[in-house]
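Just so you know, the sequences run in chain order A and B.
Going by the numbering used here, the first sequence opens with residue 71, and the numbers climb by one from there.
Going by the numbering used here, the second sequence opens with residue 84, and the numbers climb by one from there.
You can take every hint at face value.
Quick partial rundown of chain A residues pointing at chain B, CB under 8 Å, derived from the structure:
| id | residue |
| --- | --- |
| 1 | GLY113 |
| 2 | PHE159 |
| 3 | ASP168 |
| 4 | ASP169 |
| 5 | LYS170 |
| 6 | GLY174 |
| 7 | LYS175 |
Hints were generated in silico from the structure; no laboratory data involved.
Fair warning: this is a prediction, and the values are worked out from it, not measured in the lab.
Cβ atoms here follow ideal geometry from the backbone N, Cα and C, with glycine treated the same way.
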Amino acid sequence: GDSVTQMEGPVTLSEEAFLTINCTYTATGYPSLFWYVQYPGEGLQLLLKATKADDKGSNKGFEATYRKETTSFHLEKGSVQVSDSAVYFCALSDESRDDKIIFGKGTRLHILP
Amino acid sequence: GAGVSQTPSNKVTEKGKYVELRCDPISGHTALYWYRQSLGQGPEFLIYFQGTGAADDSGLPNDRFFAVRPEGSVSTLKIQRTERGDSAVYLCASSPHGLAGANEQYFGPGTRLTVT
Chain A
71 GDSVTQMEGP VTLSEEAFLT INCTYTATGY PSLFWYVQYP GEGLQLLLKA TKADDKGSNK
131 GFEATYRKET TSFHLEKGSV QVSDSAVYFC ALSDESRDDK IIFGKGTRLH ILP
Chain B
84 GAGVSQTPSN KVTEKGKYVE LRCDPISGHT ALYWYRQSLG QGPEFLIYFQ GTGAADDSGL
144 PNDRFFAVRP EGSVSTLKIQ RTERGDSAVY LCASSPHGLA GANEQYFGPG TRLTVT
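Just chain A, same shape as in the assembly (with noise of 0.2 Å):
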């Protein structure tokens, strides 16, 4: 079935840094993908959507591409600020299985100021 793997946190960087959390999918079809965020003590919020190859989603100064030939939906910023601190999931959609979502584990973000 349709899967998504992530990178394993928690991933601590320093106020300014440069991020990335990788992002890999399975999938049968022809997915959306999704980057969602949990602040603390906060509810589930969608962060940023590609729904086919090669769009570029953003929001924030957060990044992701759609890349149908590595399976990859890897999350990016320039320069991170400390209320970036968040669990970050990487997750997957399909009309076709009438939109369930599939989440990955989850990564961690520490950012130190």
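Given the coordinates of chain A, work out where chain B should sit on it, guided by the hints.
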């Protein structure tokens, strides 16, 4: 506007008891999903409703779990004979589903269930 709400926010129950978890989706959203998030894991799909009917319940772990959505809006997840392994955060999400490209799901804050 109002988002997805879930009640209670926390529920502590004894092993063997019955619990009900409630989800109020965004008004007008026809699709409703339940997920379960265990500690240190990503959310896992449980069940999906389109309107009043359960279109896909393949994620329910066993027959102790059941969910309803009788009027196509509020949904209740019911767990019988709770076990310690049921302890998790139960998330509800809704979506306008059916509109092209409108497959984004909006998540509620979750109900943290602890079975002692």
